[in-house]
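Novice: Residue strings, one per chain:
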Amino acid sequence: MRLLTKYIFRRTLQAIPLLFIISIISFLLMTLAPGDPTAMYQNPEAGNEQDFTAIKEQLGVDQPIYIQYYKWLKLLVLEGNLGYSFQDGQPVMDKIVSRIPATLTLMGTAMFIAILLAIPIGVYSAVKKYSPIDYIFTFNSFLGIAVPSFFIALVVILVFSLKLEWFPASGLRSNFDTFDLKDRLHHLVLPSLTLAFGLVASMSRFMRSSMLEVIKQDFVRTARAKGLTERVVIYKHALRNALIPIITILALQLPALFGGTLFIEQLFAWPGMGRLSVSAIFIRDYQVIMGTTMIAAVMVVASNLIADILYALVDPRIQLGKN
Amino acid sequence: MSTTTTKTKTDTIVSVENLKTYFYTEDGTVPAIDGVSFEVKRGETLAIVGESGSGKSVTSLSIMRLIPQPPGKIVNGDIKFNGESLLIKTEKEMRSIRGNRISMIFQEPMTSLNPVYKIGDQISESIIIHQKKSKKEALAEAINLLNLVGIPEPERRINQYPHELSGGMRQRVMIAIALACQPELLIADEPTTALDVTIQNQILQLMKTLKQKINMSIMLITHDLGVVAEMADNVVVMYAGQVVEQGDVYTIFENPKHPYTEGLLKSMPSAEKRIGKLYAIEGVVPNPLNLPSGCRFAARCEYATALCYDEMPDIQKIGNEEAVRCWKYTHRWEGK
Numbered sequence: 001m002r003l004l005t006k007y008i009f010r011r012t013l014q015a016i017p018l019l020f021i022i023s024i025i026s027f028l029l030m031t032l033a034p035g036d037p038t039a040m041y042q043n044p045e046a047g048n049e050q051d052f053t054a055i056k057e058q059l060g061v062d063q064p065i066y067i068q069y070y071k072w073l074k075l076l077v078l079e080g081n082l083g084y085s086f087q088d089g090q091p092v093m094d095k096i097v098s099r100i101p102a103t104l105t106l107m108g109t110a111m112f113i114a115i116l117l118a119i120p121i122g123v124y125s126a127v128k129k130y131s132p133i134d135y136i137f138t139f140n141s142f143l144g145i146a147v148p149s150f151f152i153a154l155v156v157i158l159v160f161s162l163k164l165e166w167f168p169a170s171g172l173r174s175n176f177d178t179f180d181l182k183d184r185l186h187h188l189v190l191p192s193l194t195l196a197f198g199l200v201a202s203m204s205r206f207m208r209s210s211m212l213e214v215i216k217q218d219f220v221r222t223a224r225a226k227g228l229t230e231r232v233v234i235y236k237h238a239l240r241n242a243l244i245p246i247i248t249i250l251a252l253q254l255p256a257l258f259g260g261t262l263f264i265e266q267l268f269a270w271p272g273m274g275r276l277s278v279s280a281i282f283i284r285d286y287q288v289i290m291g292t293t294m295i296a297a298v299m300v301v302a303s304n305l306i307a308d309i310l311y312a313l314v315d316p317r318i319q320l321g322k323n
Numbered sequence: 001m002s003t004t005t006t007k008t009k010t011d012t013i014v015s016v017e018n019l020k021t022y023f024y025t026e027d028g029t030v031p032a033i034d035g036v037s038f039e040v041k042r043g044e045t046l047a048i049v050g051e052s053g054s055g056k057s058v059t060s061l062s063i064m065r066l067i068p069q070p071p072g073k074i075v076n077g078d079i080k081f082n083g084e085s086l087l088i089k090t091e092k093e094m095r096s097i098r099g100n101r102i103s104m105i106f107q108e109p110m111t112s113l114n115p116v117y118k119i120g121d122q123i124s125e126s127i128i129i130h131q132k133k134s135k136k137e138a139l140a141e142a143i144n145l146l147n148l149v150g151i152p153e154p155e156r157r158i159n160q161y162p163h164e165l166s167g168g169m170r171q172r173v174m175i176a177i178a179l180a181c182q183p184e185l186l187i188a189d190e191p192t193t194a195l196d197v198t199i200q201n202q203i204l205q206l207m208k209t210l211k212q213k214i215n216m217s218i219m220l221i222t223h224d225l226g227v228v229a230e231m232a233d234n235v236v237v238m239y240a241g242q243v244v245e246q247g248d249v250y251t252i253f254e255n256p257k258h259p260y261t262e263g264l265l266k267s268m269p270s271a272e273k274r275i276g277k278l279y280a281i282e283g284v285v286p287n288p289l290n291l292p293s294g295c296r297f298a299a300r301c302e303y304a305t306a307l308c309y310d311e312m313p314d315i316q317k318i319g320n321e322e323a324v325r326c327w328k329y330t331h332r333w334e335g336k
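Protein chains in written order, with the UniProt record's numbering: chain A, 1 to 323; chain B, 1 to 336.
Among these hints, one or two may not hold up.
Claimed, not checked - Pairwise CB distance ranges, derived in the manner of DEER restraints:
(1) B:Gln316 with A:Glu230: 49 to 57 Å
(2) A:Leu212 with B:Lys132: 27 to 35 Å
(3) B:Gln160 with A:Pro91: 52 to 60 Å
(4) B:Leu66 with A:Leu212: 48 to 56 Å
In case anyone wonders, no lab produced these hints; they're calculated from the structure. For clarity, every value in this text was computed on a predicted model and none was experimentally measured. Beta carbons are placed, not taken as given, at the ideal position from N, Cα and C, and that holds for glycine.
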């Protein structure tokens with residue numbers, strides 16, 4: 001266990017330079033993009049550009065990029081402060097903290113549904129390779145990978161919300177007075193399923209190929225030769241081995257899932273970090289953009305670390321912290 | 001060479017009768033086993049010899065009914081275990097035989113154990129299902145078995161994973177798993193091929209000792225004639241899916257009948273005689289998708305005549321226990 005603590009500590013230290021580089025790149029890309037926080041309010045025909053110089057000065061966006069970045073970094077490192085929104089002056093941290101629960105609920109639910117469906121689908125497809133049902137799953141997977149999630153979202157809203165009126169098309173809740181679990185879940189169904197669809201599509205394919213790889217291994221034959229039932233052979237002996245590479249893939253999927261929530265939150269008016277981030281991009285609210293980007297980066301780095309720890313838990317051949 | 005004292009008990013434990021196991025691939029039908037017959041007697045060690053692709057392993061998997069299906073299928077013949085046909089048994093009945101009354105050990109000890117489960121769990125697994133013992137009893141039994149196969153500190157070993165053991169140790173664990181329920185027949189498919197020579201000998205000696213201890217029969221699949229000489233009572237020589245010669249180990253080594261057996265023995269390196277270049281049988285095994293209609297060995301045989309290319313010889317008895325599939329030993333033979 002001490003090895004594990006040391007390992008986590010070491011990995012956290014290693015993450016710092018990585019996050020530093022991410023912050024520089026993001027800051028550069030963001031500030032070099034056309035437009036600035038005042039652009040939206042400007043009217044070229046009115047010729048009132050000079051009115052905005054005062055605002056620019058006040059926000060500090062008139063200064064060279066490296067100074068802007070230095071100020072941003074100094075505030076973060078010295079005070080742990082992500083700055084203040086250009087739009088309303090509120091601390092970026094507060095804004096993000098208020099949005100994180102919604103995003104995590106959505107992502108977590110989508111991930112949970114995806115794992116719950118993708119593993120059995122992948123196992124079934126591998127064991128019954130080239131059966132009609134395998135072909136149906138394969139077709140569905142290609143659909144899920146090929147069709148962008150925003151399009152699926154639109155179809156889903158059209159069918160289940162507008163036509164059938166089974167689920168609400170937008171928002172987190174309708175009951176604003178008290179916490180109503182049923183109401184919340186009702187709102188969660190469409191966005192989480194839409195997000196999960198793409199995930200199931202790719203994860204079940206990975207699961208299928210991983211399982212196909214494992215079931216031809218010698219130890220699976222050994223398990224059969226012991227007289228074990230096919231169910232034990234597949235779900236005990238083969239599955240645990242097949243899951244090992246899937247953990248890495250799960251961790252690699254997380255950034256994609258994060259990207260996916262940007263669209264899904266926008267389309268379903270889900271008040272999460274994705275939506276915060278997208279609206280900040282539209283109005284060039286540099287502080288909020290940097291804040292959400294850095295939080296996303298930290299989450300991705302953390303999930304990679306978690307994947308490596310899980311890896312060591314399922315595979316006894318891997319020992320963390322040892323060379 | 002082992003003595004034939006075990007021959008006093010002559011009842012047959014497994015008899016394979018005209019077995020045909022075919023694989024249906026996209027390129028065509030592969031007759032991996034094409035009419036194979038032999039018997040394993042109680043207490044004997046039967047060696048099945050042949051080169052890669054001769055059908056040795058498919059024979060053993062057919063007995064276990066573990067041929068992957070599709071593409072494989074047993075299309076003809078019968079396999080009897082203690083007089084009962086294994087081919088008409090249900091999957092459930094077969095499961096109660098596998099790992100219990102017929103066990104198997106494989107060529108690759110490095111990959112034959114599941115990397116993510118502890119040694120103790122992998123041994124006790126078959127004890128739990130076949131002998132209906134509790135997990136605790138089964139683990140105690142696993143410790144006994146590890147002792148039996150000569151693994152030091154079994155109490156510690158049961159909590160280790162396969163990657164913490166050497167190849168020889170893993171093969172001992174495989175043997176412990178196979179012997180967990182004291183099987184009547186142990187099928188050993190090239191059990192020492194992947195091990196280095198000193199470990200090979202240890203494993204063979206261990207198998208010999210244990211065979212007597214629990215009075216089982218061994219069906220030993222190998223391409224190593226040294227192993228045959230060390231272990232076998234009787235020998236079946238296979239070539240391209242057929243039995244070409246069978247007999248007791250003395251006769252096979254001293255007086256081989258089939259030109260293929262002769263060639264195999266000649267290509268064995270010897271520690272006594274230093275010869276320049278090792279003898280090798282010319283040519284290659286025929287393509288299983290396109291087998292000749294005559295004798296399958298004819299193209300590589302130095303005695304082959306027109307008859308050999310035209311017609312396939314039947315396997316026929318010579319003497320008491322011997323049989324050979326070769327025109328040389330028939331009245332139709334006109335060659336040298």
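Novice: The structure should be examined with respect to each hint, and the outcome stated for every one.
Specialist: These are the hints, each one checked on the structure:
At about 42 Å, the CB distance of glutamine 316 of chain B to glutamate 230 of chain A disagrees with the hint of 49 to 57 Å. For leucine 212 of chain A and lysine 132 of chain B, the Cβ-Cβ distance of about 34 Å falls inside the hinted range of 27 to 35 Å, so the restraint holds. For glutamine 160 of chain B and proline 91 of chain A, the hinted distance range of 52 to 60 Å is satisfied, since their beta carbons lie about 54 Å from each other. Under the hint 48 to 56 Å, the C-beta atoms of leucine 66 of chain B and leucine 212 of chain A, about 18 Å apart, miss the expected range.
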